[in-house]
Amino acid sequence: MFERIPVTFLSHAAAILADSNSGMSGNNIVTAFNAYALDFDKNIPHATYPYDAPNKRTAFLANLQAFEPKQQYKIIKELCDHRSFGFQKREERKALKLQLATKYHQFAELGETEINETLIEETRHWLQDYPDSLSLFNQALQKYDGGVFNRNVLDDIRLSLEKLLRKITGVDKSLEHQVKPVGGFIKDKGGSKELANMFMKLLDYYGNYQNEYVKHDDAVIEEEIEIIFEITASFMKHLVRLQSA
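Counting in the working numbering, the sequence shown runs from 1 upward without gaps.
Read the hints as simulated data drawn from the structure, not as lab findings. There could be a bad hint or two in this list.
Here are the simulated DSS-like pairs of lysine-lysine, each with C-alpha atoms no more than 30 Å apart in a straight line [as the list claims (entries may be wrong)]:
| # | residue 1 | residue 2 |
| --- | --- | --- |
| 1 | K163 | K189 |
| 2 | K74 | K103 |
| 3 | K163 | K94 |
| 4 | K42 | K77 |
| 5 | K94 | K77 |
| 6 | K180 | K163 |
| 7 | K94 | K167 |
| 8 | K193 | K173 |
| 9 | K97 | K193 |
| 10 | K237 | K167 |
| 11 | K193 | K143 |
| 12 | K189 | K167 |
| 13 | K42 | K143 |
| 14 | K173 | K163 |
| 15 | K193 | K180 |
| 16 | K97 | K173 |
| 17 | K103 | K42 |
| 18 | K237 | K193 |
So the derived label-pair ranges between C-beta atoms look like this [stated by the list, open to error]:
| # | residue 1 | residue 2 | range |
| --- | --- | --- | --- |
| 19 | K94 | D41 | 16 to 22 Å |
| 20 | P131 | Q99 | 20 to 26 Å |
| 21 | N21 | L195 | 27 to 33 Å |
Glycine is no exception: its CB is placed at the ideal position from the N, C-alpha and C atoms.
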């Protein structure tokens, strides 16, 4: 296990996030790092723009190295989704986030490591062609990361799965009425009868669980939200992969 995030990875992150064509602007880099320096009470070498550095990547890396590993993890993760990128989802940034979560997850904040982040990032990747479902999935994750452990999270994640199933099965009905269609979908895509039956049974139990706890907000068990998230993500990833096969 790493004691620090290697400078080779920090340099790789700088090359992507401060790329001269697709990365953050010099001014945005300085603004973002100044905010982190204020939050973490750090001094950074390049706090004004224009800066005394040969290029953006050099300034980005030097600023990043002024922080502790847990802070670097947070900075890289958040800057992969910096507002200046808008809705552009470049493969390099997605891959960077996945590498960060896979190799250096011990530096993530506690609330961020409770859910399997590799699974989450892979699911987001597979949901790119299903924007309505992806949007709800991201909303649920943001609430969870923000410490929101209630029916709103369960509602968002359930609706995200439901919207995906409607698209994939072609049956425009609620989650409760998707059990048989999803079994047929799996068989039609070459899945085994045993897998289809298991999936149907799991989806049935999943729907019953959701119905019970979405109706009774006070009854939501915080410790169970993690596994509901991971079950949902596994469902979605497998279904989209079957659809794409």
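Hinted pair K97 and K193, Cα distance within 30 Å: violated (36 Å)
Agreement of K103 and K42 with the hint, judged by alpha carbon distance not exceeding 30 Å: Given pair K103, K42 holds - Cα atoms ~25 Å apart, limit 30 Å.
Range agreement (Cβ of L195 with Cβ of N21, hint 27 to 33 Å): violated (44 Å)
Pairwise hint evaluation, K143 against K42, where the allowed Cα distance is 30 Å at most: Roughly 28 Å separates the two Cα atoms, so the pair holds.
Given pair status - K94, K163, alpha carbons within 30 Å: holds (23 Å)
Pair hint K193 and K143, alpha-carbon separation not exceeding 30 Å: violated (37 Å)
Restraint status (C-alpha distance of K189 to K167 at most 30 Å): Between K189 and K167 the Cα gap is close to 15 Å, so the pair holds against 30 Å.
Agreement of K94 and K167 with the hint, judged by alpha carbon distance not exceeding 30 Å: Distance ~24 Å between K94 and K167 Cα, so the pair holds.
Pair hint K237 and K167, alpha-carbon separation not exceeding 30 Å: holds (14 Å)
Hint check for Q99 and P131 - Cβ pair distance inside 20 to 26 Å: holds (25 Å)
Supplied distance hint 16 to 22 Å, evaluated on CB atoms of K94 and D41: violated (31 Å)
Pairwise hint evaluation, K173 against K193, where the allowed Cα distance is 30 Å at most: holds (23 Å)
The structure is inconsistent with the numbered hints 9, 11, 16, 19, 21, although it conforms to all the rest.
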